Structure formats: C-alpha cells, structure tokens
Amino acid sequence: MKDSARLSPGESVGVASTASLPWGEIVLATVGAIIFAITFGSVLIENLRKIGRVGDWNFYLARDWASAYTVSRFHQLPLWNPYECGGMQMLASPQARIGTPFFLLHILLGSIVGLHLEILLDLAIAWSGGYFLARILGLSPLAAIACGSIFPSSSWFGLHVGAGHLNFLTSLYLPWIVALTWHSMTRDTILTAGLAALFMAMTVGGAGVYQVTQAALLVGVIATGVAIQRRSLMPFAMLALFACFSLGFSAIKLLPTYVFMLSHPRTVSVSEYNSALLLLDALLSRNQARGRVGHVWDYSEYGAYIGIFAALMLLVGVASAPRRAMPWVLAGAVMFALAMGEVSANHSPWRLLHYLPVFSQERVALRFLIPFVMAVSVLAGFGIDLIQRSLGLVGRIAAMIFVTLCIFDLWDVGRANLMDAVDADPPPIEDRVPFHQLYAESVGSMFELSRSNTGAMHCYDVGHGDGTADSPTRVTGSNQAGYRGEQYLLGPGTVTLSRWSPNELSFKVATQGANSLVINQNFDDGWRLIENRGDIMPFKGLLAVRLKPGTQTVTLKYTNRYFSIGAMVTFLSLGIFVALVNRGRLIAFVRRFAVRFSASVT
Numbered sequence: 153m154k155d156s157a158r159l160s161p162g163e164s165v166g167v168a169s170t171a172s173l174p175w176g177e178i179v180l181a182t183v184g185a186i187i188f189a190i191t192f193g194s195v196l197i198e199n200l201r202k203i204g205r206v207g208d209w210n211f212y213l214a215r216d217w218a219s220a221y222t223v224s225r226f227h228q229l230p231l232w233n234p235y236e237c238g239g240m241q242m243l244a245s246p247q248a249r250i251g252t253p254f255f256l257l258h259i260l261l262g263s264i265v266g267l268h269l270e271i272l273l274d275l276a277i278a279w280s281g282g283y284f285l286a287r288i289l290g291l292s293p294l295a296a297i298a299c300g301s302i303f304p305s306s307s308w309f310g311l312h313v314g315a316g317h318l319n320f321l322t323s324l325y326l327p328w329i330v331a332l333t334w335h336s337m338t339r340d341t342i343l344t345a346g347l348a349a350l351f352m353a354m355t356v357g358g359a360g361v362y363q364v365t366q367a368a369l370l371v372g373v374i375a376t377g378v379a380i381q382r383r384s385l386m387p388f389a390m391l392a393l394f395a396c397f398s399l400g401f402s403a404i405k406l407l408p409t410y411v412f413m414l415s416h417p418r419t420v421s422v423s424e425y426n427s428a429l430l431l432l433d434a435l436l437s438r439n440q441a442r443g444r445v446g447h448v449w450d451y452s453e454y455g456a457y458i459g460i461f462a463a464l465m466l467l468v469g470v471a472s473a474p475r476r477a478m479p480w481v482l483a484g485a486v487m488f489a490l491a492m493g494e495v496s497a498n499h500s501p502w503r504l505l506h507y508l509p510v511f512s513q514e515r516v517a518l519r520f521l522i523p524f525v526m527a528v529s530v531l532a533g534f535g536i537d538l539i540q541r542s543l544g545l546v547g548r549i550a551a552m553i554f555v556t557l558c559i560f561d562l563w564d565v566g567r568a569n570l571m572d573a574v575d576a577d578p579p580p581i582e583d584r585v586p587f588h589q590l591y592a593e594s595v596g597s598m599f600e601l602s603r604s605n606t607g608a609m610h611c612y613d614v615g616h617g618d619g620t621a622d623s624p625t626r627v628t629g630s631n632q633a634g635y636r637g638e639q640y641l642l643g644p645g646t647v648t649l650s651r652w653s654p655n656e657l658s659f660k661v662a663t664q665g666a667n668s669l670v671i672n673q674n675f676d677d678g679w680r681l682i683e684n685r686g687d688i689m690p691f692k693g694l695l696a697v698r699l700k701p702g703t704q705t706v707t708l709k710y711t712n713r714y715f716s717i718g719a720m721v722t723f724l725s726l727g728i729f730v731a732l733v734n735r736g737r738l739i740a741f742v743r744r745f746a747v748r749f750s751a752s753v754t
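Heads up: the sequence shown begins at 153 in the numbering used here, then just goes up one per residue.
FYI, nobody ran anything at the bench for these hints, they're computed from the structure. Among the hints, erroneous ones may be present.
Taking lysine-lysine and the DSS-like style, the derived pairs with C-alpha atoms no more than 27 Å apart in a straight line are [claimed, not checked]: (1) 660 with 700; (2) 660 with 692; (3) 709 with 660.
Computed Cβ-Cβ distance ranges for the label pairs, DEER-style [claimed, not checked]: (4) 187 with 677: 45 to 53 Å; (5) 698 with 443: 50 to 58 Å; (6) 227 with 705: 56 to 64 Å; (7) 195 with 511: 28 to 36 Å; (8) 447 with 683: 49 to 57 Å; (9) 632 with 560: 51 to 59 Å; (10) 187 with 256: 45 to 53 Å.
Only a predicted model underlies this, so the values are computations on that prediction, with no experimental measurement involved. All residues carry an ideal CB built from backbone N, CA and C; glycine is no exception.
Whole structure, please, built from the sequences with the hints as guidance.
Shown next as structure tokens:
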C-alpha cells in the first residue's frame, strides 16, 4: 500500500478508499501470522498431547470428544449426546463447538491434538485480521503489526484458555469481523459484508454465544460512528445486509440452538457492579495470575491486560486524530461502560441490554473488556502510525522500539496462564465396554468416563451453561440402587440390544402382551421410530416405546427438524450471497438464456 493511499490524521476513514494490498505483502502477513501463533503458543506445541484440568477443561473436552467420536466411529452427525447428564441434545446445545470448520481436526487427529492445532490457527486468524484492519484504515505496516498483536496477546486469551473456556476461542475471529464490516460500510461492498458474516457463522458454530452478541454490538456501534462521519445511512444498510447474511449462514447451528435455549431458559442476575478502578486494574496491573482472589468471579473473567505501552499509544492515537478515531473511541467507551455492569439501578447500559433476546440470559459484565481491547488495539495503531510518520527516521526507530516493548510486555504477562492449558496428561482410553451410565461424585470425571464409553450422570452442565452440577434427570446409574439396565420392559418379556450408537438404537423384543420398552436415557421429542409400529412416549422423564404383542425389532433414530430447516436456510443464503457477488454475470447469463429461449420458441 502506498503512502499516498493513507489518510492524514484529520481525515475521515469512512470517506476515502484505500489501495488493495499487494500479493507480496499478503504473503508476508500470512507468514507473520503463522510465526506469531507458533511463537506465542509455543507451549501448546511443546505439550501437544497434554490437557488442562482446571475450570471448564473437563466439560469441553468431554463434549468435543463425544462429538468427534460420533462422527469418526459411527459416521453420524453429532445430534445427540448420550455421554452427558443422562442424554441431551448435542448440536443444538449453545456450548457445543461442532460448528467450527476446525472440528475436522478433532475428527482426524483426535480431540486433544486437534484442539491444540485449532488454538494455533485461531491465533493466526486473529493476528492477520488485526493486521488487515489496520491496513484498510490506512495505517503503516508497523502500526498494523501492533494492531494485530495487541488483541490476541492480551491476558484475556491466556486466562480464558487456561481456565478451559474454549468457547472464547471464537473471540479471536473478532478482528476479521470488524475489519470486513468496516470495509463494507466504508466502501459499500457486498463481498466483505458476506465474508464478515461467514466469520459470525464460525463464531456461532464454535459455541460463541457471548462472542457473537459482543461482535454484533461492537459492529453496530462502529457503524453508527461511520454513518456520522460519512453523513450517510449506507453504513446501516450494509450493517443490515451483514446481519441478514450472519443469520442465514449460521442458521444450521443457530436455529436449533435458539429453539433449545427457549426450552431451557435461565435467569441471571444483572446486579453486577465493577468500579472503574477495578477495570483499570484488570487492564494495567501486571499481576494477571488466574488464582488472584478478592473478586466475585474467578480472575479469568477479569484480566484483559493491555499494559502501559499500549495505553500510551492509545492516548497518542486519540489526541492526534480525534475525528478519525471517533468510531473506535465510541466503541471503546460503550464496551467499557458495559463492563462496569449495573452502575445505576434503572438506567445502566448493562441493565438495558438485558431487555434484549439472548442478552437477557448472559452474565459476567467483565467479558465486555474483550471487545474493548479490540478497540484499544486500533487506537494504539493510530498512535504508532503518528509517531512513525511525523518524526522521520527518529520516529520510525521510536515506533519500532515502542511496538517491541509493547509486545514483549504483553507476552511476559499473558503467556504464563497458557501453562494451565497443558498441565496434565489425558485419562487413558479404556476397553470399549457396552455403553452404560455411571453416577460419579466428581464432575471432573466427565472426560474420563466418556473415553471409556460411559455416560456421566453427575455432570457440570444441563444444557445451557448454568453451571449446575446436578442434572434433573431420572436416569439411574449402573452403580445406583434400582438400576434395571440401559433398556428394560415394564411387563413380562425379553429385550436384547442389537445395535447401539449415539443417534440410533435397535432392540430385539419378545412380549406376549402389550408392553413398554424403557430406555435409560432422557426423553426428547427428536427420537423417531424407524422400525416397528409402536409409539414413542415419555415414562417418568425417560425415553420409552409402547409396544404391541409379538417378537419384533424396535429401532429408534434421533433427528432434529430445526437442524434440517437451518441447513436449508444456510445453503439458500450461501447461494443468494454468491448470486449477489456475481450479480453482473448472473444478469448476463439470464439475458442470454432469455434470448436463446425466445429464439427457440419463435
């Protein structure tokens, strides 16, 4: 990108256009993203087959393993999870991460190695997105390096990953979402609006419920700033297009998840207050150890270290170009205000936000510090760009020193928490005994039980992330009184399991009279009879089939109609997007077809 393509400090970014990046720089930026990911995440490479054991690691590893195992072993879509809480929906669960394209790594390489590589790829995505964002804003390559490095290097990443919050990996898509929507809103480009929506769909698919709502809110605030700068409503039109494509592309996961959340609502308290001093401590204190005490939440929810160097660059960037920085200052201010929580009993942004769908079920206001750091990284890039441009050779040297010190400072503070992600060996895979369910007192055994083909009844989550360890299931564990097996008849007769898989069960049944087959899993209306003429019904919360007399085969299959509808919407949306991007070619094709058809008729 030539210097002449960049804006002066007082110009509005939203009005000007920027030259496209040359291929040489794209290649170098890609290499830089890979180097960043490998270097910053080196501890993951050095301990490729180790796992974390604190926080949510056991929960997410158990679910990731069950999903990959369903596909690789049984060649089924992971729609139902028999390994958790007595049986529950898998794909529809908001915290199921099977909609990310990197889920393929889990299938091919196993859930542990696949996860480590997924984290490294996500880091590379975040860095490249920040770099691209800075360049389309007209900033220098050095400023782009700063912008690309600050966001993923902040301590929020190491703290959340170290605590096993693997859904927060989707926060690393935020730089590309912001960059592509910015490009679409300042240049009225359908292509980049659609590409940003693809990253939103990846966020939904990666269990990023909080992340997708944060991204939507952040982009909405930025669109407001761009509209003010341009004095035009076109940014809102592109924002609406982005929103429609986001809903359409993610429908395959979003629709079943939304229906699931409606049937499993949770009530959260909005009475969270975090003082400005507490937030400044989270942003500037070098003590970012996960085990810090004295907070309502675990410190993994607090830390978002930016350090003094990024803070100074931010101040320089805002002071040097207040008009240019306005959308990012506005975005940062909104995110900071939301992170403070309920500053007022009636009118705080945090409380008002909870009147909206999905937001109403979210907690931990401090998580808004993550998109705040995204705004900080851009403003710091403005500051580096000014220092480099205005002071000649001295400025370029000073800017390089500042960026180096900033990155070193962030890495020195933030990388330590990544050790929590690789501090244990995984449990062994035991012999594949016939599937049965077990009540174990420790929720920390979910991953171990799953890998031995055993259902964990005492589980961390009942489907919608409420942190409850006791499921309301009526399922009886094989180590509990009253256990009658994983399938049994209520009346006289015999039943034998002939085929078992997560989504399909088949039994041989012999009964002389009308009877009922009870399956020791939670009832869900997604189960269908595909062989036999019985009726599926709930029996004390368990899955059951009403049978007629005789010797018969009973086969049940789990389906999710909302997944099927969502899949059709997703593919239709992709088709519309391709047609809009290629609308010139499409119109020409239709015209040629019409001419030929008319000629053939006449």
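Hint check results:
1. 660 with 700: Cα-Cα ~13 Å, so holds.
2. 660 with 692: holds (23 Å)
3. 709 with 660: holds (15 Å)
4. 187 with 677: 45 to 53 Å: holds (51 Å)
5. 698 with 443: 50 to 58 Å: Between residue 698 and residue 443, where Cβ atoms are some 54 Å apart, the hint holds.
6. 227 with 705: 56 to 64 Å: violated (21 Å)
7. 195 with 511: 28 to 36 Å: The hinted range 28 to 36 Å holds for residue 195 and residue 511, with Cβ atoms some 35 Å apart.
8. 447 with 683: 49 to 57 Å: holds (55 Å)
9. 632 with 560: 51 to 59 Å: holds (55 Å)
10. 187 with 256: 45 to 53 Å: violated (24 Å)
This entry does not satisfy hints 6 and 10, going by the numbered hints stated previously.
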